[in-house]
Amino acid sequence: MLERYLESLRTDDPGAEAPAATRERLKPRFAPGAARRMTLLGMMVGASLHELLGPADDSIVYSSSFGEGTALEGFLESFPTPSPTLFQTSIHPSAAQQALIGRQRALPELLPLAGGPELVAQAALAALLAPAERVLWCGGEERGTWLREAGLASDRSFAFALALTRARPAAPLARLALEISDQPGALALPAWFDLLHARRAWSGAAGGGWHLRLEWL
Amino acid sequence: MVAASSPVRVAACDCLTPFGDARATVAALLRGERALRPVPVRGVEGGDAVPLALLPGRALDETAPPAWLAPLRQLLAPVIAEGWGTARRPVCIASSNFGVGSIYAFRRGHGDAHRATGTPHDCVAWLRREFGWGENVATFSHACVTAHLALLHGARLVQAGGAEAALVFAFDFLSPFVAGGFHALKILNAEFPAPYQARATGAIGLGDGAAYAVLARGVGDFALAAHAVHNEMHHFTANQADGAGFDRVLAALPADGRRLWLKGHGTGTLDAGRLESAALARRFPGAPLVGWKGALGHTLGSCGLVELALALAAVRAGRTPGTVGAASPTFTPEVALAAFDNAAFDGVLCASNAFGGAHAALLLAHA
Amino acid sequence: MPDPLHAHLKQLIVTTLRLEDLTPDQIKDEDPLIGSGLALDSIDALELVVTLEKEYGIKIASSEESREALATVASLARFIRARADPARLPA
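Residue numbers (our numbering), protein chains in the order written: chain D, 4 to 220; chain H, 31 to 397; chain Z, 559 to 649.
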């Protein structure tokens with residue numbers, strides 16, 4: 004069984020908040036002028052992640068199924084004279100990079116994952132296997148527009164960041180464990196976010212032959 | 031920086047380029063051939079001619095379903111039916127494009143059928159079904175270091191994750207989406223790439239590429255002896271001007287006196303090429319440095335595994351192809367323009383670098 | 559009398575790059591555009607290139623050429639005047 008303690012957690016669920024309002028809400032969390040090239044996902048992930056940044060040797064795992072939906076839409080719309088900014092911004096793992104470049108924060112290891120129903124299990128596995136004592140697992144989605152209507156972008160915006168440690172911290176929030184299992188089933192990224200946001204426990208098949216247990220302490 | 035000593039071996043490995051498999055590609059590189067050709071950057075819609083290396087018979091514009099499925103099936107034929115996609119036999123996928131050519135085609139009005147493979151997860155789910163793989167698939171995407179990360183994770187799965195073997199599979203196929211993007215960055219232009227050459231204008235080429243490696247304990251005569259990764263997070267498209275990011279990733283590798291030849295990233299851009307070659311020369315003085323993107327183009331997320339497969343094939347052949355497409359003067363005297371015999375070397379350092387100042391390196395050595 | 563091309567370029571810079579806290583007249587002709595007080599970088603420069611190519615019908619061939627052309631507003635204006643159809647320049 005692979006296991007870590009959840010030391011700290013940040014979540015952002017804009018719900019029905021309009022994207023422009025979310026940007027205005029988060030803008031003060033970044034350096035003046037930084038927000039002009041940031042995506043909504045970058046701002047949400049950045050705002051959550053920045054509060055958890057600790058020692059320089061932390062590793063980071065990033066998970067998003069759809070990534071930068073609006074940057075992708077904008078880049079596609081910019082043809083036949085494609086925008087270099089939107090091209091750059093649309094490339095996975097842009098949100099994590101926006102957050103970290105904004106802070107000029109070097110780090111040893113960044114493991115960015117994409118995926119569907121198996122993404123949560125695989126990102127948890129990457130976090131639990133990483134050699135670093137402290138691993139930050141962040142991710143999320145941003146709601147798309149016309150790509151969403153085509154089933155090619157997320158229908159919901161959200162972001163999270165959590166800090167996982169090997170050693171039990173002074174006041175752990177939860178324990179996260181993974182073990183091999185033959186149970187069918189999967190835990191999708193939006194459902195994972197909802198568990199974190201609501202501080203709800205869970206034990207079940209996370210996908211790909213892994214059983215995930217989230218136990219709040 | 032993170033370095034991990036790894037006893038994991040390469041039980042099987044091959045790649046696919048426009049020249050064919052790893053052996054055929056090394057033979058072509060030894061003959062000094064280039065797969066890059068001038069292709070309109072927007073495919074059927076035209077645009078400036080830029081150097082691209084497409085698989086024979088493949089057009090830049092995506093088909094529905096993508097035409098690269100059959101070549102991938104052929105590439106994977108030796109390993110495809112070995113029960114992959116379980117916790118004991120996981121798959122680690124690496125790509126920076128996935129089916130983005132399909133999304134582009136959908137947007138340009140080429141049909142709804144393109145939606146089926148547009149997102150990374152839909153593209154991977156389609157491949158899983160086609161290849162009969164289970165659900166235990168980790169999908170990595172981090173631009174040009176993606177394949178290194180997938181190899182690193184695959185090694186960890188074998189070492190500590192309960193896997194008896196891991197299949198690492200990387201693929202990237204070009205489309206007007208990615209060609210247009212790099213053209214907008216002005217680094218994919220009318221010039222052909224000349225990696226590590228000191229000239230006035232930098233230029234890259236892009237190429238189709240795919241590769242696989244089976245990682246396991248105790249099987250195979252070559253090992254991934256060490257991995258190192260580092261992320262500068264200085265700027266999206268530029269490295270720290272003093273080359274410190276390159277130095278940090280190389281410093282994490284063991285200094286155990288091995289005599290190495292070096293397979294660099296070398297896309298053909300000037301600043302990164304200068305910094306990379308200088309850092310490699312500082313860390314491994316006198317070690318010959320080669321780069322093959324001047325012949326094959328940059329295969330993006332898959333390049334780390336495509337070029338690992340080529341390095342392995344070159345070791346088996348006893349001869350390392352030189353830096354095809356480049357000429358004197360070069361940034362450092364260590365840049366090997368011509369092919370050389372490699373039997374006297376203890377191993378190969380394979381390095382890749384990516385947007386955001388991401389760096390990755392691995393050491394391939396006899397087990 | 560301000561150079562109309564300089565003035566137009568400054569407006570394009572502010573609009574294209576969505577510089578909310580800057581007005582065109584705050585950009586000086588000879589100040590470095592990249593890596594200076596404007597806090598613009600190489601990606602901003604390339605985004606400007608796309609706009610300039612569309613606006614004036616010019617072609618910038620490489621990242622090295624764009625770096626040279628976009629050194630300052632004055633150097634950019636000289637670059638454009640040397641390559642664009644005069645009919646496309648502001649009067």
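Don't take every hint at face value.
List time: in silico DSSO-like cross-link candidates among lysine-lysine, alpha-carbon distance up to 30 Å [claimed, not checked]:
#1 D:K30 <-> Z:K617
#2 Z:K617 <-> Z:K586
#3 D:K30 <-> Z:K586
#4 Z:K568 <-> Z:K586
Derived from the structure by calculation, the hints contain no laboratory data. Given the structure is predicted, the values throughout are model-derived calculations rather than measurements.
Results of checking the hints against the structure:
1. Restraint check: the Cα-Cα separation between K30 (chain D) and K617 (chain Z) comes to about 36 Å, which exceeds 30 Å; the hinted pair is violated.
2. The suggested pairing of K617 (chain Z) with K586 (chain Z) holds, with an alpha-carbon distance near 25 Å, which does not exceed 30 Å.
3. Only pairs whose Cα atoms come within 30 Å are accepted, and K30 (chain D) paired with K586 (chain Z) is accepted, the gap being roughly 28 Å.
4. For the hint pairing K568 (chain Z) with K586 (chain Z), the CA-to-CA distance comes to about 9 Å; that is within 30 Å, so the pair holds.
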